[in-house]
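Starting from the two chains in their separate frames, assemble the complex, guided by the hints.
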Amino acid sequence: NAGVTQTPKFRILKIGQSMTLQCAQDMNHNYMYWYRQDPGMGLKLIYYSVGAGITDKGEVPNGYNVSRSTTEDFPLRLELAAPSQTSVYFCASRQALNSNQPQHFGDGTRLSIL
Amino acid sequence: AQKITQTQPGMFVQEKEAVTLDCTYDTSDQSYGLFWYKQPSSGEMIFLIYQGSYDEQNATEGRYSLNFQKARKSANLVISASQLGDSAMYFCAMREKNTGNQFYFGTGTSLTVIP
Chain A
380 NAGVTQTPKF RILKIGQSMT LQCAQDMNHN YMYWYRQDPG MGLKLIYYSV GAGITDKGEV
440 PNGYNVSRST TEDFPLRLEL AAPSQTSVYF CASRQALNSN QPQHFGDGTR LSIL
Chain B
125 AQKITQTQPG MFVQEKEAVT LDCTYDTSDQ SYGLFWYKQP SSGEMIFLIY QGSYDEQNAT
185 EGRYSLNFQK ARKSANLVIS ASQLGDSAMY FCAMREKNTG NQFYFGTGTS LTVIP
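Top to bottom, those sequences are chains A and B. Just so you know, the first sequence maps onto residues 380 to 493 in the working numbering. Just so you know, the second sequence maps onto residues 125 to 239 in the working numbering.
Everything labelled a hint here was simulated from the structure, so no lab data went into it. Hints should not be assumed to be uniformly reliable.
[To be verified] With a straight-line Cα cutoff of 25 Å, these simulated DSS-like cross-link-like pairs (lysine-lysine) come out:
| id | chain 1 | residue 1 | chain 2 | residue 2 |
| --- | --- | --- | --- | --- |
| 1 | A | LYS423 | B | LYS221 |
| 2 | A | LYS423 | A | LYS436 |
| 3 | A | LYS388 | A | LYS436 |
| 4 | B | LYS221 | A | LYS436 |
| 5 | A | LYS393 | A | LYS423 |
| 6 | B | LYS197 | A | LYS423 |
| 7 | A | LYS423 | B | LYS127 |
| 8 | B | LYS194 | A | LYS436 |
| 9 | B | LYS221 | B | LYS127 |
| 10 | B | LYS197 | B | LYS127 |
[To be verified] Across the chosen pairs, the derived CB separations fall in these ranges:
| id | chain 1 | residue 1 | chain 2 | residue 2 | range |
| --- | --- | --- | --- | --- | --- |
| 11 | B | SER204 | A | GLY419 | 23 to 31 Å |
| 12 | A | ARG456 | B | LYS140 | 46 to 54 Å |
| 13 | B | ALA142 | A | ASN444 | 41 to 49 Å |
[Stated by the list, open to error] Computed footprint of chain A on chain B, listed as stretches where at least three residues anywhere in the stretch have a Cβ under 8 Å from a Cβ of chain A:
| id | region |
| --- | --- |
| 14 | 143–151 |
| 15 | 197–205 |
A quick note: this is a predicted structure, and the numbers were derived from the prediction, not measured. We put the CB at the ideal spot given by N, CA and C, even for glycine.
The shape of chain B in the complex, shown without the other chains (with noise of 0.2 Å):
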């Protein structure tokens, strides 16, 4: 079973508007992170925000906030405000403890913010 799943390969969303980017993940572990990264077309990884499991406020950084719902294991992204500079690929990501820290990351979504 895929670890993070991100349905959405593609989105559109028209400048300064709100956007949400799925991601759902499977784990057994009671203590895991999930963290979601921007890949523009120039390649680099950015890191955008974190969420613990044991967090129970929604992370927010700027722009930026995860809609975290534990009970569901979704991990959406939202996006507010959206510039054409957000037009990248984003992944969500995921670290559980009992793998050894190992992170595992979704097939991404390819974002379009359109003028």
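Bound-form chain A, shown alone (with noise of 0.2 Å):
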């Protein structure tokens, strides 16, 4: 029963560098987010999906980018990291079918840009 798993756990960057931040779930959940969670701040949506191939921008897009090629997977690519990336990043799966359904979020990963 893994949910929404996230990977990496754990990454440091170098300013400029780019990389994936992967999340997969397999709940079958059409709607898919992207959050960025500063210390001592709550959630921000970056972007979000209401299935395979639809995506959309959420509060704080910029630096970013997502794709949704299927239902289960939704990557987020960091193009070229700043120091203000530097946050945790939530992923997140909802079903849509019921408006009472909550969002199921993976671990979360850990970003460093130095």
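Here's what the structure looks like:
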């Protein structure tokens, strides 16, 4: 019963490097989300997807890109890492059939840009 | 304007006592949902309770209940009989139908249960 799986759990990047944060869910959820959580703050939405092939920007999309080629996977790409992107990144998924369905979260990826 | 406001950065409660964590929200949507999540120091996000905008009864889940006052746009979380394991960050979130089912999170309240 994996739920939402994020890899890697930790990563240190140098300024200007790029990387992809992986997110996979095995619950056949339509909706998937990427958030960032800065220290002492709540979650801010980066991108979300309502189904395969459909993505949309959230509150803080600059510096990130996403794709949704399958229902299961929703990778987040950082092209030119900047210190401001140091954060904890959470992926979440949700079944859209019922309005009372909560988001299911992965365990997060701690990313430091030095 | 903030969609979700949590005005209590930190709260303390004695073990076995009840505590209320405040949450106010801002929306012009008629259809929305309110969620509370718990984030322990280990970092995972745990769903606690849900309240729909059309629900007439306050939601309850075990020791968690939601004091929903629609006219005041508040959705306060009540934890009864606090336990040491309740020490964590608590986030209030809202889903609006009109904004594509995005979720908006508050800045959270840090709860510490004192033995």
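Review point. Taking 25 Å as the top limit, are the C-alpha atoms of LYS423 (chain A) and LYS127 (chain B) close enough?
Key: 12 Å, holds
Check your understanding: Between LYS197 (chain B) and LYS127 (chain B), does the CA-CA distance stay at or below 25 Å?
Key -> Judged against 25 Å, a Cα distance of about 11 Å means the pair holds.
Check your understanding: Taking only the CA atoms, is the gap from LYS221 (chain B) to LYS127 (chain B) under or equal to 25 Å?
Key -> Between LYS221 (chain B) and LYS127 (chain B) the Cα gap is close to 14 Å, so the pair holds against 25 Å.
Point to revise | Restraint status (C-alpha distance of LYS423 (chain A) to LYS221 (chain B) at most 25 Å) | key: 18 Å, holds
Exercise for review: Closer than 8 Å, Cβ to Cβ, for at least three residues: run that test on the region 143–151 of chain B against chain A and report holds or violated.
Suggested key: violated (count 0)
Review point. How does the Cβ-Cβ distance of ALA142 (chain B) and ASN444 (chain A) compare with 41 to 49 Å: does it lie in that range?
Key: 46 Å, holds
Practice item. Given the hint that LYS197 (chain B) pairs with LYS423 (chain A), test it: the Cα-Cα distance must not exceed 25 Å. Key: The given pair, whose Cα atoms are some 21 Å apart, holds under the 25 Å limit.
Review point. Between LYS423 (chain A) and LYS436 (chain A), does the CA-CA distance stay at or below 25 Å?
Key: 11 Å, holds
Exercise for review: Below or equal to 25 Å on CA atoms is what counts here, so check LYS388 (chain A) against LYS436 (chain A).
Suggested key: 24 Å, holds
Check your understanding: Does LYS221 (chain B) pair with LYS436 (chain A) here, judged by a C-alpha cut-off of 25 Å?
Key -> 16 Å, holds
Point to revise | Beta-carbon spacing of SER204 (chain B) to GLY419 (chain A) - inside the hinted bounds 23 to 31 Å or not | key: 27 Å, holds
Check your understanding: Taking 25 Å as the top limit, are the C-alpha atoms of LYS194 (chain B) and LYS436 (chain A) close enough?
Key -> 29 Å, violated
The structure fails hints 8, 14 and 15 (numbered hints given earlier, in ascending order).
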